[in-house]
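Protein chains: 4
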Amino acid sequence: MIITVAPTGGMLTRREHPSVPTQPEDIAADVAACVEVGASAAALHVRTADDLAACDPELYRRVNHLVRARTDVVLNNSSGGGVSVPMRAPLGDGMSEISWPQRLAAVDGGAEIVTLDAITAWASIDGEEVLMNTPPSRARELSARIAAAGARPEWEVFNPAQLTRDVPELLADIDDGRPPIVNICLDIDGVFTNAVRWSPALLSHMVDSLPGSAVFSVSVGGRTPWAALAQAVILGGHIRVGVEDHPFDEDGAPRSNLELVEQAVRLVRALGHRPATVDETRELWYVKRRVR
Amino acid sequence: MIITVAPTGGMLTRREHPSVPTQPEDIAADVAACVEVGASAAALHVRTADDLAACDPELYRRVNHLVRARTDVVLNNSSGGGVSVPMRAPLGDGMSEISWPQRLAAVDGGAEIVTLDAITAWASIDGEEVLMNTPPSRARELSARIAAAGARPEWEVFNPAQLTRDVPELLADIDDGRPPIVNICLDIDGVFTNAVRWSPALLSHMVDSLPGSAVFSVSVGGRTPWAALAQAVILGGHIRVGVEDHPFDEDGAPRSNLELVEQAVRLVRALGHRPATVDETRELWYVKRRVR
Amino acid sequence: MIITVAPTGGMLTRREHPSVPTQPEDIAADVAACVEVGASAAALHVRTADDLAACDPELYRRVNHLVRARTDVVLNNSSGGGVSVPMRAPLGDGMSEISWPQRLAAVDGGAEIVTLDAITAWASIDGEEVLMNTPPSRARELSARIAAAGARPEWEVFNPAQLTRDVPELLADIDDGRPPIVNICLDIDGVFTNAVRWSPALLSHMVDSLPGSAVFSVSVGGRTPWAALAQAVILGGHIRVGVEDHPFDEDGAPRSNLELVEQAVRLVRALGHRPATVDETRELWYVKRRVR
Amino acid sequence: MIITVAPTGGMLTRREHPSVPTQPEDIAADVAACVEVGASAAALHVRTADDLAACDPELYRRVNHLVRARTDVVLNNSSGGGVSVPMRAPLGDGMSEISWPQRLAAVDGGAEIVTLDAITAWASIDGEEVLMNTPPSRARELSARIAAAGARPEWEVFNPAQLTRDVPELLADIDDGRPPIVNICLDIDGVFTNAVRWSPALLSHMVDSLPGSAVFSVSVGGRTPWAALAQAVILGGHIRVGVEDHPFDEDGAPRSNLELVEQAVRLVRALGHRPATVDETRELWYVKRRVR
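Keeping their order, the protein sequence lines are chains L, E, Z and D.
The working numbering numbers the first residue of the first sequence as -9 and each following residue consecutively.
The working numbering numbers the first residue of the second sequence as -9 and each following residue consecutively.
The working numbering numbers the first residue of the third sequence as -9 and each following residue consecutively.
The working numbering numbers the first residue of the fourth sequence as -9 and each following residue consecutively.
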């Protein structure tokens, strides 16, 4: 079972959570500690010096470099970015979207994997609305950019419609015989429209709808992700944990990435499996280490 | 079982289909013929004189009036409109959306029911992309407008995320104790992103996820809608048929609204039920006839 | 879609139902009429002169001969028999079972298909209990007898346990590369223990659990079989109807085999399919006509 | 989450497994150790001095007494017994059943809970077949005996047919307003016919089919029970582990009851829950401690 840590995300600041790593050294240190206890992949976001979301390839290169200096781990850079003001672009009629040029730029950070968010959905944060705006033409452009950069896409799937339409349509463009890497994103419906809430039946259905050869993970927002993550393992999938996804516990107390990965390892072992090594993860995902 | 006819839709023209009714007299005549054989509700779109999509309340009033002059039937006016050029508004960066002011205007056509498309999804037509753009703030605005006009909303649900988020959130605003009217739109994924493709497991799940008191219908795009429509009936739902949804048969031959309603009646009877009368439909949906 | 008619069954008498055919000429006439309107297979039971259940091969041969004199149709002889006194054998402690020697004898009736009831379940009729008693050793014996007689078995499946255990275990013995013929028997739980009641989720699960190549039908007891039969068609299966399975309508009025087959044909057509011919049925089931 | 330990079962001997407790002192010591680490109920079988299955009430009383001398725990005595020769009774035609008088006698052992095996199924052990033979009349008799003894029944459910028929039918007889206690027995299909094999979809369906107020546990045979047990917890159920159910690990090495309960506790905690105390278990099951 691959355990991915998602340490940072595109929203939470250090004011809101004491142990979210936002600066390059902090991210690298946190990832290294998580790999020590069982994580074998890291799903990274970068932030400006004052914690705001960014997709700056220079920042991604710096974080990737610092992580690799400490530990071997599969690196995944988010091209989704975040909803902070510097990442917003005007859309007309007073609306705004997450900047498309910035999303595209994330591809150049040098990671083995770049997220492919083919979703169009409204995020509502602090009373403001920002559109994650990905018409099919943009999804194809991003997909081609990722392939050109020598990275592999990770399909972020927010709802089952993407499994029967967006993923197969785009896969047809870039099919290289390697199994698609899919991350099913559950329980982020407090922020995003078009994003499903976990139920055992729905996750079963989504897994049944995956392209045959897909290797899938599940990430789960909210405070009680363990049941959904356990179901992912039961159904043959991999799991992602971290402060990005579920920063607070049932009582609202902040959790650290290290605690979350340790809990994930206990879950995987309780289900009769063991965490994958980094080499096994590379093999499962058909990615080679990229040196820069 | 309520059989709704959707005779026209927002896309197909008479050049593409010989019997799609687009002009007021034609729509009224077609609806009346369908009511004769078993339909008890009509889900209407209006068109300009040259068949282009419109949401013009004046046109809606005219069509509604002509229909009522011929037959008693529950009237549902679409606020979704269509993707024709006159309904498009620029969105920046070369993109366009379906005009929001025009969508809002549909409310004033005088129907008992107005569709509430709370979805944000890209439509791809003839190589062009248009956004059905409905952030939560717009959905609330439309919902309030429908209530203020004395109509009831029909929730157009494209994917299960809307059932756990959009519908409950908006329902909380307008809760008047009446059961919500939901239409689950399947198999329009050839045009829209975020729109699910039917499978027995998915439709079961969506029906299980409905708000407890909801009265639901199912509409199905494509050429072979009958199995999905039968499942809707099996699961206790109602059905919508018509040239809007499935204009051509398996062999590509055009079907008329009358043929489609007759086939729906045969299906309902084969499953051991009978078509609802107009009065029964009004009771199930808690709508009174609106006279204008 | 194969429509099988099950005209007689092992329980209902002419005192209880005016049009259940129990005598050879009546069965043959009824089957011929049903084939005329769309049935292509007949699942037969035989009865004594006073309507009691029997498995007498001489009687089966006579009925099969009379049917074939009138119409070409795929013939299936039940080895399940019935619960009437002449078919009961003592079991000790005041209990009784359906006679095993009589069940075995049905194989020699000369039909292309013989039912293989590998189930062990108690039938409760008129306050009496009779065991359908089929330990694995008997199931293997029956299966071997059917193969030796040159017939094909139809697996009567009462619950999902049989699909993961009995059917695969026995199939391993007789595997001849031909797809297994399975009939899923639903809603006979009013009589038999270990027999499931239809729900959409359960039937879906059972169909998903079938051996990969199986060709399956569904039969449904009770008064309202149409929804379950429709789901069978939706899931790619075939259907069985007849006085054996659902002799009375919702209001308790008796239905004839002809009416039931006509209703089945309407259902199949309403779902966009057409009834299979006898030749198509033989091809789907890999059975040749047996001439005697 | 209630963790029940099933330390002994009705089949495995000390020759086959080094740490299966079969004698009263050994069972009591094992149960006490398991309660120490998180079990709050014990599902007991008793054995003769040479390890053969028994339902002797005297033996049950002795074991129950010894357990209670060491630890407070909810006691459940099996009325299913086992397949050893001393528990077999002849059934005619060379067949044998598990002795009904012995099964009934288990009720008098003084436990708070007695299993109610309303199933009829063939067990195949070492090439021999024995029938667990429970016609509805016997099930009612056993149910009444359990109620008369002041105990509560635990419904052992082997397949979904029992949930829609046997359980509701018998519940109607004994309804006392207390929630029924159900144990869903999975993956014993290597021994029993009519016993389902776990799949996520099937367990979901069975849980959905439970009588509304039921409190359910899941027990799982075989070597890899953890995924099915995790699903039980996810679906709101309780779990049973022990040498009776899954005596050997994936590699065929024997596991002790203590190890299995410890693993169950880790699973429950990894899923974000904690083991129930004995008092909480009594409350959930509506049972009072019985002192003798």
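Hints may be right or wrong, so weigh each one.
[Unchecked claim] What follows is a set of in silico ranges between Cβ atoms, one per label pair, in the way DEER data are often shown:
hint: 1; chain 1: Z; residue 1: 134; chain 2: D; residue 2: 140; range: 47 to 53 Å
hint: 2; chain 1: D; residue 1: 83; chain 2: Z; residue 2: 213; range: 50 to 56 Å
hint: 3; chain 1: Z; residue 1: 40; chain 2: E; residue 2: 213; range: 40 to 46 Å
hint: 4; chain 1: Z; residue 1: 202; chain 2: D; residue 2: 7; range: 41 to 47 Å
hint: 5; chain 1: D; residue 1: 83; chain 2: Z; residue 2: 276; range: 31 to 37 Å
hint: 6; chain 1: Z; residue 1: 213; chain 2: E; residue 2: 167; range: 52 to 58 Å
hint: 7; chain 1: E; residue 1: 167; chain 2: D; residue 2: 169; range: 50 to 56 Å
hint: 8; chain 1: Z; residue 1: 162; chain 2: D; residue 2: 162; range: 53 to 59 Å
hint: 9; chain 1: D; residue 1: 162; chain 2: E; residue 2: 226; range: 25 to 31 Å
[To be verified] Where chain D lies over chain Z, by a calculated footprint (3+ residues, C-beta under 8 Å):
hint: 10; stretch: 57 to 66
hint: 11; stretch: 81 to 95
hint: 12; stretch: 148 to 156
hint: 13; stretch: 160 to 172
hint: 14; stretch: 192 to 200
Since the hints were made in silico from the structure, they are not lab data.
Glycine included, every Cβ here is placed at the ideal spot set by N, Cα and C.
Where does the structure disagree with the numbered hints, that is, which hint numbers, in rising order?
-> Hints 2, 3, 4, 6, 7, 8, 10 and 13 contradicted; others consistent.
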